[in-house]
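Residue numbers (the numbering used here), protein chains in the order written: chain A, 88 to 203; chain B, 8 to 348.
Hints are computed from structural coordinates only; laboratory data are not their basis. Idealized CB from N, CA, C, for every residue including glycine. You may find that some hints are simply not true.
Derived pair list, reagent style SDA-like, types lysine to any residue, alpha-carbon separation capped at 20 Å [claimed, not checked]:
#1 A:Lys-123 to B:Thr-224
#2 B:Lys-263 to A:Asp-102
#3 B:Lys-81 to B:Asp-33
#4 A:Lys-122 to B:Asp-210
#5 A:Lys-113 to B:Lys-81
#6 B:Lys-228 to A:Tyr-111
#7 A:Lys-122 to B:Lys-196
#8 B:Lys-252 to A:Ser-131
#9 B:Lys-263 to A:Ala-106
#10 A:Lys-173 to A:Arg-190
#11 A:Lys-123 to B:Glu-203
#12 B:Lys-263 to A:Gln-146
#13 A:Lys-123 to B:Lys-252
To give an idea of the interface, some chain A residues facing chain B are shown, with a C-beta separation under 8 Å as derived from the structure [said to hold, decoys possible]:
#14 Val-100
#15 Asp-102
#16 Arg-153
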Amino acid sequence: MKEWGYKISTPRVIDLDKADTARYAKLVEEVPSVKKCIMCGACSATCTASNHTDFSFRQCHLLFRRGQVVNLSVELDKCMLCGKCKIVCPQGVNTRAIISTMRIILSDMNNRNTPL
Amino acid sequence: MSGKNIIIIGGGPAGLEAAYHLALHDYSVTLIEKETETGGHIRKDLKLFPDFTDASEVRKELSDKMMHPNIDLKTGICVTELFQEGLKWVVKCDNGSSFISDAVLLATGFETFDATRKEELGYGIYDNVITSVEFEGKLKEGKILTSSGRVPQRIAFLNCVGSRDEKVGNLYCSRVCCINGVKLAISFKEMVPDAEAYCFYIDMRMTGQHYEELYRTSQEKYGVTYIRGRISEAAATFDNRIQLKSEDTLACLPLKMAVDMLVLMVGMEASKSTRILSAQNGIPGEYGFAAGSGINFRDNLTIKAGLFLAGTCKRPLSFQETIADAGAAAVQMMDYLKDEK
């Protein structure tokens, strides 16, 4: 089997018919300012972690919003919670709280091993 | 009376507003409208962006202004020929009538883009793919229903249909579709609060006053979801819903979803009358719109003395911009007629 040159690739498409948006609804409840995000990327531009890793807060937040949470906890661990993103955000989004809340929601999910 | 006659071609917001200002200053105005009633495209609207004014209110204000005794309203006739004869302008209509005046204002407006030209979006093929104009019509009727009579639980609005699109020959941005999409999404969410509304965009161009605020309100208060990416194709599912394919360009991932209804935010194109009448007089312009004789100044003037422009015959404009432009055109016509004794 090792010689076989083909494998089944997992789809990488966002399927909004299957995506679980309950986690994002929970995030909105906890940090309402998340709804004000206009995806400008100022957070990622100033991010200390982004300067050394491929971490992008903007993208993590968007993937969470679209229900794409596979490997997301690993990504979020790259954040050092310095809070620079919160200072530069032009919309007053509580970015730091978003990171912490996403971590909590995702770890709850991992521990219980059940969807929220 | 000033003794000067003015003909205005087009009874939409631009023509009506300009007619009123000129009438107030004692010019004798003949306003020619091809439809049987005036008001132009706002006749189809329920509410206006960005403050949700009832479109009927502004229609009433404009039609009340037409009661001015200096305005002679001619509806249901279409201008077929426009030319200069000495210092006078001659207007000939499809019913055989003709008019002579000292100056003419072209207020021939726009037409919405014919969405069947974007075949991949399924308009004219699938019943649940409709245009923004048709969606507004449903709002006006007071019920949004799919072709099978169900209340849609999920609607997608697609911006830039017929705009920013070289393949259909329109490189320009129609400017009002973004904010109009925000308005329609909010109107839909007000009608069906539990439903989902998605807006697909390339850039959200919130250029007018209060547009950005309304865009934020749509997200904060109404939970409208914005996805940056153009829908590349729409197809029907077995149960007559619409399957969409796009890219979420901010997530850098392809995206697919099924919706109950797809609304195409159709852009503005030059109207047939604008194309014909400006061509007859050698008025230059891009994309069929008529160009003023200057960009920074003299935007309401043309290369022909006595022929003026107002509103969306020049380029896409919002209702509010059209009204302001009509006033500007009226002033410039008065300037011209004052000199020309």
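Cross-check of the supplied hints:
As the CA atoms of A:Lys-123 and B:Thr-224 are separated by approximately 9 Å, the hinted pair is consistent with the 20 Å bound. For a cut-off of 20 Å, the pair hint linking B:Lys-263 to A:Asp-102 stands: about 5 Å separates their Cα positions. Note on B:Lys-81 and B:Asp-33: the hinted pairing holds, with a Cα-Cα distance of about 19 Å set against a maximum of 20 Å. For the hint linking A:Lys-122 to B:Asp-210, the alpha-carbon distance of about 18 Å falls within 20 Å, and the restraint holds.
A threshold of 20 Å between alpha carbons decides the hint, and for A:Lys-113 with B:Lys-81 the separation of about 60 Å lies outside it, so the pair is violated. A distance of roughly 16 Å separates the Cα atoms of B:Lys-228 and A:Tyr-111; the hinted pair therefore holds under the 20 Å criterion. For the proposed pair A:Lys-122 and B:Lys-196, the alpha carbon gap of about 16 Å is at most 20 Å, so the pair holds. About 28 Å separates the Cα atoms of B:Lys-252 and A:Ser-131, which puts this hinted pair outside 20 Å; it is violated.
The hinted pair formed by B:Lys-263 and A:Ala-106 meets the criterion: a straight-line CA distance of about 11 Å does not exceed 20 Å. At most 20 Å may separate the alpha-carbon atoms for a hinted pair to count; A:Lys-173 and A:Arg-190 meet this at roughly 17 Å. In summary, the hint linking A:Lys-123 to B:Glu-203 is supported, as the alpha carbons are separated by about 18 Å, within the 20 Å threshold. Taken as a hint, the B:Lys-263 and A:Gln-146 pair is honoured in the structure, with Cα atoms around 18 Å apart against an allowance of 20 Å.
Between A:Lys-123 and B:Lys-252 the alpha-carbon distance is near 26 Å, which puts this suggested pair outside the 20 Å criterion. For the restraint placing A:Val-100 at the interface with chain B, the shortest Cβ-Cβ distance is roughly 4 Å, inside the 8 Å limit, so the hint holds. Below 8 Å, beta-carbon pairs count as interface contacts, and A:Asp-102 has one with chain B at about 6 Å; its hint therefore holds. Evaluation of the A:Arg-153 hint against chain B yields a held restraint, the C-beta minimum of about 6 Å falling below 8 Å.
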